[in-house]
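J.: Here is what each chain is made of, one letter per residue.
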Amino acid sequence: MKIRIKREKSKEKKPYIEEFEIDKEETILNALIEVKEKKDNSFAFRCGCKTGVCGSCAVRVNGTERLACKTHFKDNDLVEPLNNAKVIKDLIVDLEHEYKLLENSETFLHKASSGQITKSDEKLIDTQSNCILCQSCFSSCPVYEVNKDFLGPYSLTRALRYVNDKKESNSAPILEKIQNNGIWDCTLCGNCTLVCPQFIDPKSDIMNLRMKSVQKGYEDKSIASFNSGFDTGFDSFGGFNPNGF
Amino acid sequence: MIDILIIGSGGAGLSAALKAKEENASVLVVSKTHTTHSQTCQAQGGINAVLETTENDSIENYEKDTYKASHKLANKKSLKYFCENSKQTINWLDSIGVPFSRDENNNIAQRKFGGTKAKRTCYSSDYTGHKILHTLYDQCIKNSIDFKNEHLLLKLLTKNNTVTSALFLDIKTGEIVQIDAKTVILATGGYGGIYHNFTTNSYATTGDGIAVAFKAGAKLSNMEFIQFHPTSLLNKNILISESARGEGGYLIDSKGKRFIDELKPRDEVARAIYKKYEEGDKVYLDLTHLGKEKIEEVIPQERRLVLDFLKIKMEEEVIPITPSAHYSMGGILTDEYAQTNIENLFACGECAQSGIHGANRLGGNSLLEIVTFGRLAAKNAAKKAKEVKCEEKNENNLETEKKRVAKILKKEKNEDFYKSKNIIGELLFNKVGLFREKNTLEEALKYLEEEKNKIKSMGIEDKSKEYNKNLVEYLEFENILLLCQIVTNCAYKREESRGAHFRTDFIKEDKKFDKISICKLENSDIITTFEEIK
Numbered sequence: 001m002k003i004r005i006k007r008e009k010s011k012e013k014k015p016y017i018e019e020f021e022i023d024k025e026e027t028i029l030n031a032l033i034e035v036k037e038k039k040d041n042s043f044a045f046r047c048g049c050k051t052g053v054c055g056s057c058a059v060r061v062n063g064t065e066r067l068a069c070k071t072h073f074k075d076n077d078l079v080e081p082l083n084n085a086k087v088i089k090d091l092i093v094d095l096e097h098e099y100k101l102l103e104n105s106e107t108f109l110h111k112a113s114s115g116q117i118t119k120s121d122e123k124l125i126d127t128q129s130n131c132i133l134c135q136s137c138f139s140s141c142p143v144y145e146v147n148k149d150f151l152g153p154y155s156l157t158r159a160l161r162y163v164n165d166k167k168e169s170n171s172a173p174i175l176e177k178i179q180n181n182g183i184w185d186c187t188l189c190g191n192c193t194l195v196c197p198q199f200i201d202p203k204s205d206i207m208n209l210r211m212k213s214v215q216k217g218y219e220d221k222s223i224a225s226f227n228s229g230f231d232t233g234f235d236s237f238g239g240f241n242p243n244g245f
Numbered sequence: 001m002i003d004i005l006i007i008g009s010g011g012a013g014l015s016a017a018l019k020a021k022e023e024n025a026s027v028l029v030v031s032k033t034h035t036t037h038s039q040t041c042q043a044q045g046g047i048n049a050v051l052e053t054t055e056n057d058s059i060e061n062y063e064k065d066t067y068k069a070s071h072k073l074a075n076k077k078s079l080k081y082f083c084e085n086s087k088q089t090i091n092w093l094d095s096i097g098v099p100f101s102r103d104e105n106n107n108i109a110q111r112k113f114g115g116t117k118a119k120r121t122c123y124s125s126d127y128t129g130h131k132i133l134h135t136l137y138d139q140c141i142k143n144s145i146d147f148k149n150e151h152l153l154l155k156l157l158t159k160n161n162t163v164t165s166a167l168f169l170d171i172k173t174g175e176i177v178q179i180d181a182k183t184v185i186l187a188t189g190g191y192g193g194i195y196h197n198f199t200t201n202s203y204a205t206t207g208d209g210i211a212v213a214f215k216a217g218a219k220l221s222n223m224e225f226i227q228f229h230p231t232s233l234l235n236k237n238i239l240i241s242e243s244a245r246g247e248g249g250y251l252i253d254s255k256g257k258r259f260i261d262e263l264k265p266r267d268e269v270a271r272a273i274y275k276k277y278e279e280g281d282k283v284y285l286d287l288t289h290l291g292k293e294k295i296e297e298v299i300p301q302e303r304r305l306v307l308d309f310l311k312i313k314m315e316e317e318v319i320p321i322t323p324s325a326h327y328s329m330g331g332i333l334t335d336e337y338a339q340t341n342i343e344n345l346f347a348c349g350e351c352a353q354s355g356i357h358g359a360n361r362l363g364g365n366s367l368l369e370i371v372t373f374g375r376l377a378a379k380n381a382a383k384k385a386k387e388v389k390c391e392e393k394n395e396n397n398l399e400t401e402k403k404r405v406a407k408i409l410k411k412e413k414n415e416d417f418y419k420s421k422n423i424i425g426e427l428l429f430n431k432v433g434l435f436r437e438k439n440t441l442e443e444a445l446k447y448l449e450e451e452k453n454k455i456k457s458m459g460i461e462d463k464s465k466e467y468n469k470n471l472v473e474y475l476e477f478e479n480i481l482l483l484c485q486i487v488t489n490c491a492y493k494r495e496e497s498r499g500a501h502f503r504t505d506f507i508k509e510d511k512k513f514d515k516i517s518i519c520k521l522e523n524s525d526i527i528t529t530f531e532e533i534k
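So the protein sequences, as listed, match chains A and B.
Here UniProt numbering is used: the first residue of the first sequence is 1, the next is one more, and so on.
Here UniProt numbering is used: the first residue of the second sequence is 1, the next is one more, and so on.
No wet-lab data here; the hints were simulated from the structure.
Don't take every hint at face value.
[To be verified] Chain A regions said to be covered by chain B (calculated; three or more residues, Cβ under 8 Å):
1. 88-98
2. 120-127
3. 145-156
4. 179-189
5. 208-218
[What the hints assert, rightly or not] With the Cβ distance kept under 10 Å, some of the chain A side facing chain B (calculated, not the full set):
6. 9
7. 10
8. 193
[To be verified] Computed beta-carbon distance windows for the label pairs:
9. A:110 with B:408: 43 to 51 Å
10. A:145 with B:408: 36 to 44 Å
11. B:24 with A:110: 53 to 61 Å
12. A:110 with B:387: 32 to 40 Å
13. B:22 with A:119: 27 to 35 Å
14. A:114 with B:522: 54 to 62 Å
15. A:4 with B:24: 36 to 44 Å
16. A:110 with B:335: 34 to 42 Å
17. B:403 with A:172: 51 to 59 Å
Even glycine gets a Cβ: it sits at the ideal position worked out from N, Cα and C.
Chain A with its partners taken away, still in its complex shape (with noise of 0.2 Å):
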């Protein structure tokens, strides 16, 4: 069995594929694990739980965005790190955006109303409010080519998940910091969609989040770009995107 990984080694030294044999025939994770004591002591990736749920191991295995942990290992996979970050060495991707990109949606609960909850109210956030934050939504979006400040997947289904909490009674400011590089800068590719561990939807969230926006009286973006221009149905990225208009 072989496993082939892009190594980063340093800022200096160009990225490039090397290609291991590994015995075990179990989880990329395992194998990774392989790789780091067996055949290469500096090679660097970060994993934690191993079960799915701190994820931290998310990689991209054969182009596709996976969790190392709960993916199984198949000979000649190809191991990459995410995208849309710089890469610091080998599977490790610097993070530090994660806190900047929720800070500026303010996905927190801002004033607790005095309410009761019900079951199903309960029920209304639960699918959201199991983001494990492993970036993989993150490093599918292809809006981060064209805009950095992109609040993007995760941040935006985070902000569904506190504007439909019945514990909240403001979720003005949430609506108002998602309007722009928010919502309406999404291309509704559903790449983040099909990559997300925990089945969670973000397109779908975000199309949730612009109805309400709308509702709430927000200018209806999508709209406004269509009647300023014509639309050629050829998004930027140089495809044709269904959902382009």
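Based on the hints, put chain B in the right spot on chain A.
T.: For chain B alone, kept in the frame of chain A given last:
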């Protein structure tokens, strides 16, 4: 100079940070990992509290159950504070946005866990720890708490038995940094991870804070008490929460027979399962009678884990399970103010022995502990910080530590510490595990001493400065080895069976050990004694 330096960003550290802010203290949280990567996210089942006094439950009952499980080793004063404040703690979590599951009457739902007669465990499906941790993090962002991520604690500096600073390896840059503070709170997690490959713990849980505090002169206590969780997936060490049994799951042997009351305390259930394995049998968790709908409602994460890792649908098939090292009851000894024996040094959460769990922890008590004592530690640290005068700090230690790490980087690799880490994990599970005895403990002590001598020849291959994970893991291994010696030493000295500590050569609880064990470093020797509970 900051008022409070919090080391560790799990549930205890974040609870402390929020309380510190409430007390208007300046605070910095420094963590080895990133905030939400901590062990707290793995706590599934729930968090205990008496929300309402009824004929079925009361604070007194809660105290009694916990004290009973502790086998007389809990500190009654601390336990009283813990239980009395449980409702307030849950209400606080609820008020900051933790999405607790609700019952039919729209109250916070509670389930029954082992060792109690009442439904006392509040939960958020089976993501309780995860949802608490993430909500705390969101609140930290709201309150603009400062974080320094990926800094490994190397040393605590003290002057006249008072902590003044901490030294860290900034993993990203490879620099050694000193952070001075008026008070320090350790919230660095437990040491179950020393049972490497035989534990449900995260790879990052290596007991660094406890080892570093010990080297700085802190008293450790009850280090022999390791909780083995009865149900982790066979050969995977992946936890299946007690809520699976709490919701009605059975434990069966290969003939399909139940052999123990599933809701007995964890130590008894774990030993009964281990015995079955020693007899050559296997043990399974049977949830098939619950049905898919109920499973999806109450333990969805468990269902997904079993499906992902064993490709088993738990509503159709039984699940092969085994016990695994799960939680460490011992730690840095703290008093009822969460203060250690070093002035201005506080400890909370799993790294502390705060007098709650004694010889055995009840499920649902650890999450309550991290929040309760995290907040208590911060309250007292904030008060203390007001009394501390800022002095010029001595930086000689920084240079010494820089030289020590530089020396490690230069060492030749003649022995492989990764190999040792794997061997030691297995050794500990077999010889200092669910069943212990004099001979095997002596063997373990001897082996660990040999390993210690080998450290000199354990070099590291990676010589780079930035993000040297090889160096980090070497430094962690030094801590692991020290803690292995301490745990084995304490297990050797406690000649009785009590809670999670079971000696086959002393199978009964012995009155003369109605005491907590204390470990101290004296002239580089580990000295274990026993003390009355104050």
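J.: Now tell me, hint by hint, if it's right for this structure.
T.: For each hint, the structure was consulted:
1. 88-98: holds (count 6)
2. 120-127: Three-residue rule met by the region 120-127 of chain A, so holds; n is 4.
3. 145-156: Violated: only 0 residues of the region 145-156 of chain A have a Cβ under 8 Å from chain B.
4. 179-189: Our answer is that it is violated, as 0 residues pass the Cβ test (under 8 Å) against chain B, missing three.
5. 208-218: violated (count 0)
6. 9: Result: holds, 7 Å to nearest chain B Cβ.
7. 10: Check passed: Cβ of residue 10 of chain A comes within 7 Å of chain B, closer than 10 Å.
8. 193: Constraint on residue 193 of chain A not satisfied, violated at 17 Å.
9. A:110 with B:408: 43 to 51 Å: 48 Å Cβ-Cβ, so the 43 to 51 Å window holds.
10. A:145 with B:408: 36 to 44 Å: Holds, since residue 145 of chain A and residue 408 of chain B (Cβ atoms, about 41 Å apart) stay within the stated range.
11. B:24 with A:110: 53 to 61 Å: violated (21 Å)
12. A:110 with B:387: 32 to 40 Å: Given about 35 Å between the Cβ atoms, the range holds.
13. B:22 with A:119: 27 to 35 Å: This hint holds: roughly 31 Å between Cβ atoms.
14. A:114 with B:522: 54 to 62 Å: The hinted range 54 to 62 Å holds for residue 114 of chain A and residue 522 of chain B, with Cβ atoms some 56 Å apart.
15. A:4 with B:24: 36 to 44 Å: violated (53 Å)
16. A:110 with B:335: 34 to 42 Å: At roughly 37 Å between Cβ atoms, residue 335 of chain B and residue 110 of chain A fall inside 34 to 42 Å, so the hint holds.
17. B:403 with A:172: 51 to 59 Å: holds (56 Å)
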